[in-house]
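With the sequences and hints as input, model every part of the structure.
Below are the chains, spelled out letter by letter.
2 protein chains.
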Amino acid sequence: MCDPVFPYSKKRISTSYHCRRVGKLLQTNPNERAVIYHRGGQGAVRDDTDVEVDFRQESYFFYLSGVEHPGFHILVDLYNDTIYLIPPTVPDTEILWKGEPDTAKELLEIYDADKVIAEADVPALLQVLCPQVVYVLDTVDTSIIKAAGIHECQLDKVCLRVAMDESRLIKFPWEIEHIRYAAQISSHAHMALMQRAQAGQPESYCEALFRWVCARNGMPRQCYIPIIASGSRAATLHYTRNDKTLPEGEHAMLLVDAGGERFCYGSDVTRTFPISGRFSSEAKTIYEIVLKMQETILSQLKPGAMWAGLHNLGVYILCQELIRIGILVGGTHEELLHLGLPRAFYFHGTGHSVGLDVHDVGGRTAGVLTNSYHERKIQSQMLISRPLKKNMVLTVEPGLYFNPTSIAMWTQKPGYAKYFNMDMINKYMPVGGVRIEDTVVLTEDGYDNLTIAPKTVNDIEALMACRAQSYMDSMP
Amino acid sequence: MCDPVFPYSKKRISTSYHCRRVGKLLQTNPNERAVIYHRGGQGAVRDDTDVEVDFRQESYFFYLSGVEHPGFHILVDLYNDTIYLIPPTVPDTEILWKGEPDTAKELLEIYDADKVIAEADVPALLQVLCPQVVYVLDTVDTSIIKAAGIHECQLDKVCLRVAMDESRLIKFPWEIEHIRYAAQISSHAHMALMQRAQAGQPESYCEALFRWVCARNGMPRQCYIPIIASGSRAATLHYTRNDKTLPEGEHAMLLVDAGGERFCYGSDVTRTFPISGRFSSEAKTIYEIVLKMQETILSQLKPGAMWAGLHNLGVYILCQELIRIGILVGGTHEELLHLGLPRAFYFHGTGHSVGLDVHDVGGRTAGVLTNSYHERKIQSQMLISRPLKKNMVLTVEPGLYFNPTSIAMWTQKPGYAKYFNMDMINKYMPVGGVRIEDTVVLTEDGYDNLTIAPKTVNDIEALMACRAQSYMDSMP
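Those protein sequence lines, which keep their order, are chains A and B.
The UniProt record's numbering applies: residue 1 is where the first sequence begins, and numbers increase by one.
The UniProt record's numbering applies: residue 1 is where the second sequence begins, and numbers increase by one.
Keep in mind the hints are simulated off the structure, nothing from the lab.
No false leads were slipped in.
When chains are identical, the list treats them as one kind, so a pair holds in a single copy or across two.
Here are the simulated DSBU-like cross-link-like pairs (lysine-lysine), alpha carbons at most 30 Å apart as the crow flies:
#: 1; residue 1: Lys11; residue 2: Lys244
#: 2; residue 1: Lys98; residue 2: Lys413
#: 3; residue 1: Lys244; residue 2: Lys10
#: 4; residue 1: Lys105; residue 2: Lys244
#: 5; residue 1: Lys98; residue 2: Lys427
#: 6; residue 1: Lys98; residue 2: Lys244
#: 7; residue 1: Lys418; residue 2: Lys98
#: 8; residue 1: Lys105; residue 2: Lys11
#: 9; residue 1: Lys292; residue 2: Lys427
#: 10; residue 1: Lys115; residue 2: Lys244
#: 11; residue 1: Lys98; residue 2: Lys292
#: 12; residue 1: Lys98; residue 2: Lys284
Set out below in structure tokens:
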């Protein structure tokens, strides 16, 4: 095994550009003394124990500051164009336990701020700045600035989120480079799974291997909980239990939806491949339908395109193909499409923005967040409702699933059963499901695919044929 | 690289024995209709996003139920000796996204409960049981039983925690076996680091490797955030940033304090070794003092021993040795010990209970929890204030640190500087710190060490000499 390479030392992220763009989007009156205040995430312990949980910075705060550690605050003086970083106050007794905090000088080398001030100096600073308006998120704890004399009526709790969502939607070059790194290493992790997954392995082993390939390349955190869905579970969109065993069987597939994150910048990649290393005829048929959907959408992807149109294009092709292979019957393409029947096999959106969150902000109505899977589904379909623009980072992720719950929901609708050929559905059922998902960035006249894992049937089978030679031995 | 072995399928944990022991400790009047109610952890999303965070069951709930998934409740009918498991209600729309939940039959195969009932049936059940008292933790959300007609005055919010802390302190055989597995695999992970750590590597790479060795052997979660402290950072007790590089230098050590957990049962293991593979003379001197402290404490470890006495024994030896090597001067052993001077180099407790939490309950006053490092330190010293008993699982973790903050605190006390020979301290300063920590279980007449990683100078150097042959290629 060759020695690992460590190419992942952190370069300072130019967050001052983020702050300035947000400031501009706030359209503040240039004569108004306006500041942005935000507070980063705080460390937490699990339940009522003293076990610290892994910390991950709140994304808006990371966007403004680049700080990955807990307990910081930031003040952006828009009037004087000055960024103040406020580190946590560390009591002496904690230094024995946690070590010396970074000095102000060190912080200014690591982060793109202008000044570092102590928490205790915030009141004096605010007295000098004397802001007429303080932009905050509606969710943030404002106790420190209130204790410093800011009144509720000086707070604007609406505009900051809108401006930041807008700003975060269009990526800066350094943001794209971090996402590119995340997508590339995640692609390597997908390739590692293609070379090492075998029937009889626990899904959790595959998850562990995916995390290790990411972590050894400087991405200790995943952008979301990996989905390691083998066999029939490939038809479950957000299957994250990963507690079953990879099945035998000529049709059995493994769907892996996973992406690491680098300095909070994420990636979102799905590959689906045959556990045996060879696609069965049925698996190949289903797989190539999804690939055709993706390739067609990608061929139309460029600035100015509408996301809803691209989604509908995917559904249009899916409908055509489901008729061709005899699953949808009893009507013309137009009729079946109009009835929405392809949705029985494809019940999620075709993509979404990716950035500091896997379902990134921007294009979503500010504040309308929900934990309901149903609403989340609707949202992701609708996610970007404006013409696409250069430097948006998106996923393109069509799928085709044989999910018994979904099929039952559709065939049980009065009058709908006749459109579904159950013999053909049962023929393809053992394939489970297929999703192919790339993370891409919009360019001047098209897109740049940040994902490099193979996705044609030939390329996947060729890579899987090299399983004897261990991936772990050859990887950088 | 040989194929991985997967020895980690879950056997049902006999949690009904846990429930019964807790019931007995509650000393309920046998004629009283008493029940225990507890609610498990709920899934959560990060900040105001839809990104799910990794779920880890709340420990008390795991103790009663063995359930690792979110959203469950449990009712233990002490009067009729019947355990009811209440799974979360899953809306149809979520099944498409998360998959079919386990059926009642499946749940009863996986978990050691008597009956599975739906959330909706809780009111009817409680009407039948008609409990006179419902034992709950003071921290639990009781909305579901209150909605089912239980009044505040029926709740006992004090006794359950005391009984469960007492019960959890003495481990059942199956608990010991899970902790043994966790400690053994963690030992292998420590050995992997001994064989692969090198100057120039990021500490985060070592953390990633540790997690991978655990995860590939069925332990995807760590019991606590690993401490990967290289060079001078080895003197910082809870250094978890792990963002520096392993230094060169003949004295440079790597202190790794990390342990995986298996089905929520944890382990806590520390090894300290020279990054170069060979102990410098100074490093060997310091290391062997700590090893002597540990061996002496272990030689006295058996049922009936008092933890405070064992801690003092360690400090006694430390004082002797610090005099011997010329660090503490200007007084007799008795005088220097009386002044507490060894605490300048050893400022934490010698061990604590380990189980479902790394600093496990039991021996701690119920309800007295704190996030303050200072108080935590005090607590862990005091952790077990009763005679030790068979089947307690404990750490034994003496240490010796050259922490500038600590040394400054002591030498700056008026009249104390004269006891510290700064030349000798500076001589050993580059060693940073050493901690040796094993997880052990008390037996009838002594202890069984669950930790199998080497810890003598010779054994560590011998293992590190085999670095050329990759650990990854040979491990099971």
